[in-house]
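Engineer: Residue numbers (full-length UniProt numbering), protein chains in the order written: chain A, 1 to 117; chain B, 1 to 235.
One or more of the hints may lead you astray.
[Stated by the list, open to error] In silico DMTMM-like cross-links for lysine to aspartate or glutamate, where the CA-CA straight-line distance does not exceed 20 Å:
#1 A:K77 x A:E58
#2 A:K77 x B:D100
#3 A:K46 x A:D88
#4 A:K77 x B:D160
#5 A:K46 x B:E196
#6 A:K77 x B:D41
#7 A:K46 x A:E9
#8 A:K46 x A:D16
#9 A:K77 x A:E4
#10 A:K46 x B:E55
#11 A:K77 x B:D209
#12 A:K77 x A:E9
#13 A:K46 x A:E58
#14 A:K46 x B:D45
#15 A:K46 x B:D197
The set of hints was computed from the structure by calculation and includes no laboratory data.
This structure is a prediction, so every number in the text was calculated from the model and none was measured.
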Amino acid sequence: MSTETWPGEWLRGVLDVCVLAVLAEGPTYGYAISARLDELGLGTVKGGTLYPLLTRLEHAGLVTTQWQPGVAGPGRKYFALTADGRADLARRGAAWHRFAGLTSAIVDAPTTRRTTP
Amino acid sequence: MTTSLVPAAWRDELVLALRLRDASGARIGDALAEVEEFCADSGQDAVTAFGDPREYAASLTSAADTEPPRLRDDVRAAGRVVVGFVGLVIVLAAVGSGPDLVVTAGWLIGVPLMLGGAVVTIAALGQGRTIRSVLVVALVLAAVVALGLLLDAPLATVPDWLALTVGGTLLVGDAVVGTVRARRRPSADLVTAPGEDPAETRRRNVRSDVLLAWMLVGFALVGVLVIAGLDALVL
Numbered sequence: 001m002s003t004e005t006w007p008g009e010w011l012r013g014v015l016d017v018c019v020l021a022v023l024a025e026g027p028t029y030g031y032a033i034s035a036r037l038d039e040l041g042l043g044t045v046k047g048g049t050l051y052p053l054l055t056r057l058e059h060a061g062l063v064t065t066q067w068q069p070g071v072a073g074p075g076r077k078y079f080a081l082t083a084d085g086r087a088d089l090a091r092r093g094a095a096w097h098r099f100a101g102l103t104s105a106i107v108d109a110p111t112t113r114r115t116t117p
Numbered sequence: 001m002t003t004s005l006v007p008a009a010w011r012d013e014l015v016l017a018l019r020l021r022d023a024s025g026a027r028i029g030d031a032l033a034e035v036e037e038f039c040a041d042s043g044q045d046a047v048t049a050f051g052d053p054r055e056y057a058a059s060l061t062s063a064a065d066t067e068p069p070r071l072r073d074d075v076r077a078a079g080r081v082v083v084g085f086v087g088l089v090i091v092l093a094a095v096g097s098g099p100d101l102v103v104t105a106g107w108l109i110g111v112p113l114m115l116g117g118a119v120v121t122i123a124a125l126g127q128g129r130t131i132r133s134v135l136v137v138a139l140v141l142a143a144v145v146a147l148g149l150l151l152d153a154p155l156a157t158v159p160d161w162l163a164l165t166v167g168g169t170l171l172v173g174d175a176v177v178g179t180v181r182a183r184r185r186p187s188a189d190l191v192t193a194p195g196e197d198p199a200e201t202r203r204r205n206v207r208s209d210v211l212l213a214w215m216l217v218g219f220a221l222v223g224v225l226v227i228a229g230l231d232a233l234v235l
């Protein structure tokens with residue numbers, strides 16, 4: 001369970017690639033995705049944010065869905081990455097690495113930039 | 001299924017908001033099941049996990065998913081309603097008036113006016129403009145009644161048996177066409193849970209359309225019985 005709360009606008013940018021990364025671990029259902037993101041330190045992702053995102057990923061052909069009947073109570077909708085989803089995760093994941101490295105360098109470097117104009 | 005975590009009012013509001021955004025019955029059933037599942041798993045209620053149902057419906061349905069209805073669809077939908085409706089009016093007028101049905105200029109102008117009004121009403125409803133559609137219905141009805149009262153010079157007299165035959169044919173014909181259409185391609189779109197048997201869903205959609213197709217015939221029968229009952233009381 002994460003203790004830090006990240007700004008909403010940061011999460012909006014990164015959430016889809018993080019959901020793809022969680023799904024790369026194996027097919028799973030809505031609340032398990034939310035719990036896993038929390039466990040990884042991203043914070044609580046509400047159903048109202050998660051399902052519209054999963055719907056967009058499904059429409060884009062990056063995930064497939066399948067309902068599995070529940071033993072008692074409602075069934076569960078499982079989400080699984082498609083081949084396109086894996087390719088998208090690799091592409092966007094690499095871009096995020098570069099972007100995160102770039103922003104870290106920008107944030108860390110003011111003193112260095114001042115000394116070497 | 002409704003659990004205490006998903007209050008009936010929240011659920012109803014979500015269904016309505018998704019319907020207004022032209023989501024299919026299957027998609028609405030899917031969204032409801034997702035909400036049920038997430039709330040059951042997380043122990044959160046629907047308001048905490050999903051927020052306002054209207055805003056949630058908006059975030060689920062992007063603009064790209066829905067296309068606005070075209071005028072041709074509106075005219076077709078209105079045409080289906082008006083044929084049966086004209087039949088209903090003729091049958092009730094023939095039963096209610098004297099021995100013969102008197103056709104006036106007001107009547108002849110009123111029928112195309114009703115068709116035009118139905119097109120505008122259906123288009124306004126399709127765009128979610130409920131107040132405008134109610135206003136159009138009120139104005140058209142007022143205009144048709146006014147025309148009937150003002151332009152009451154008889155143009156022709158039709159014997160009741162002929163009027164009943166024509167009106168009844170329009171009514172029953174419309175219902176039969178509606179039944180055949182319902183069996184071939186049901187337009188009803190009931191909310192269905194994920195995994196429900198598609199054949200059973202189709203059967204329910206057909207039943208719903210067939211019931212709608214025969215609704216005006218039902219109205220006509222009730223109307224005729226009421227008029228006959230009133231006549232019997234007066235005599």
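Engineer: Tell me the numbers of any earlier hints that the structure contravenes, in ascending order.
Structural biologist: Violated hints: 2, 3, 4, 5, 9, 11, 12, 15; rest satisfied.
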